[in-house]
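One letter stands for each residue in the lines below.
Number of protein chains: 2
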Amino acid sequence: MEQRLSLVTLGTEDLSRSRAFYEGLGWVTRAGRDDDVVFFQAAGMVVALWSRDELAEDSGVQDSGGWGGITLAHNVRSPGEVDEVIAQARAAGGTIAREGAETFWGGYSGVFIDPDGHPWEVAHNPRWQVADDGSVSLPE
Amino acid sequence: MEQRLSLVTLGTEDLSRSRAFYEGLGWVTRAGRDDDVVFFQAAGMVVALWSRDELAEDSGVQDSGGWGGITLAHNVRSPGEVDEVIAQARAAGGTIAREGAETFWGGYSGVFIDPDGHPWEVAHNPRWQVADDGSVSLPE
Chain A
1 MEQRLSLVTL
11 GTEDLSRSRA
21 FYEGLGWVTR
31 AGRDDDVVFF
41 QAAGMVVALW
51 SRDELAEDSG
61 VQDSGGWGGI
71 TLAHNVRSPG
81 EVDEVIAQAR
91 AAGGTIAREG
101 AETFWGGYSG
111 VFIDPDGHPW
121 EVAHNPRWQV
131 ADDGSVSLPE
Chain B
1 MEQRLSLVTL
11 GTEDLSRSRA
21 FYEGLGWVTR
31 AGRDDDVVFF
41 QAAGMVVALW
51 SRDELAEDSG
61 VQDSGGWGGI
71 TLAHNVRSPG
81 EVDEVIAQAR
91 AAGGTIAREG
101 AETFWGGYSG
111 VFIDPDGHPW
121 EVAHNPRWQV
131 ADDGSVSLPE
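Just so you know, the sequences run in chain order A and B.
Sequential numbering from 1 applies to the first sequence in our numbering.
Sequential numbering from 1 applies to the second sequence in our numbering.
Please keep in mind that the hints were generated in silico from the structure rather than gathered at the bench.
These figures come from a predicted structure and were not determined experimentally.
For glycine and all other residues, C-beta sits at the position ideal for the given N, C-alpha and C.
Accuracy of the hints is not assured; some may be wrong.
To be verified - Between beta-carbon pairs, the in silico distance windows are:
#, chain 1, residue 1, chain 2, residue 2, range
1, B, S51, A, R30, 32 to 40 Å
2, A, T29, B, D132, 25 to 33 Å
3, A, G66, B, G106, 29 to 37 Å
What the hints assert, rightly or not - Stretches of chain B that chain A covers, calculated by requiring three or more beta carbons in the stretch to come under 8 Å of a beta carbon on chain A:
#, segment
4, 3 to 10
5, 16 to 27
6, 43 to 54
7, 61 to 75
8, 85 to 93
9, 105 to 116
10, 124 to 137
Kindly generate the complete structure, drawing on both the sequences and the hints.
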């Protein structure tokens, strides 16, 4: 198995609401296979929105109804950019779980939660390189 | 907010067990900040393993204890490669939720579940391009 991730699908209760939230962050959707799924090209991978019930069934899992142990992160190039993205998420209707602040690991981050409860940490890690194309590299 | 995802952190109950599972799939870890976190460079992004309890607290969410509406996917270049990765996951101790088979959307996929209950669809989508570097592109 190659060491990579191709697609993250976020289960939604209301696809239109979720789509509007991500569009409010400036993301641009691509048409889905039959409009019951929304795809965002996210650099070299894809982020999708789909019915949470259908996703649970398709994934062969039971839905416990809340958060399930996965957090997403969006790394940026400066602490100021963390604050900007948190402000954007607030304006788009997200819940701010944690305002931008210095972290125990020596960076700066905040957390917003999307309309379906999926948390995104927005982080500046001074030891991780964010390239012009948005790709992120661990230190050697 | 740029249209990209930098990091997916998977909450674990037993970091050593989870690390061994992903290493069993052939993945190679990078040292964490203080060995309580495991980082995998995954093409232009990062996949991390960390204590689920700490991740919940850090993310500002309540843990409902099961699956929480996010499924990961690993796209490959042929149906045969789906079966190979599912076999690898079984050998590494994963649970197979769905064997490789043709899907309703015109592709071929299977699903394995990691030791912490996180599902991965392994998929061949003939309409999505998987480049040599593993990046995935939606059709125009």
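Cross-check of the supplied hints:
The beta-carbon spacing between B/S51 and A/R30, approximately 35 Å, falls within the hinted interval of 32 to 40 Å. About 27 Å separates the C-beta atoms of A/T29 and B/D132, a value consistent with the hinted range of 25 to 33 Å. At roughly 33 Å, the beta carbons of A/G66 and B/G106 sit within the given window of 29 to 37 Å. Taking a C-beta to C-beta cut-off of 8 Å, the segment 3 to 10 of chain B contributes 8 residues in contact with chain A, enough for the three needed, and the coverage statement holds.
For the segment 16 to 27 of chain B, the stated coverage by chain A is satisfied: 3 residues place a CB nearer than 8 Å to a CB of that chain, which reaches the threshold of 3. By the rule of at least three residues with a Cβ nearer than 8 Å to a Cβ of chain A, the coverage given for the segment 43 to 54 of chain B holds, with 6 such residues. Counting residues of the segment 61 to 75 of chain B whose CB falls under 8 Å from any CB of chain A gives 15; the rule of at least 3 is met. Check result for the segment 85 to 93 of chain B against chain A: holds, 3 residues qualifying (beta carbon to beta carbon below 8 Å, three or more required).
With 4 residues having a Cβ less than 8 Å from any Cβ of chain A, the segment 105 to 116 of chain B passes the three-residue criterion, so the hint holds. Counting residues of the segment 124 to 137 of chain B whose beta-carbon sits less than 8 Å from any beta-carbon of chain A gives 8, enough to reach three: the coverage restraint holds.
Violation of the numbered hints given earlier is absent; every hint is satisfied by the structure.
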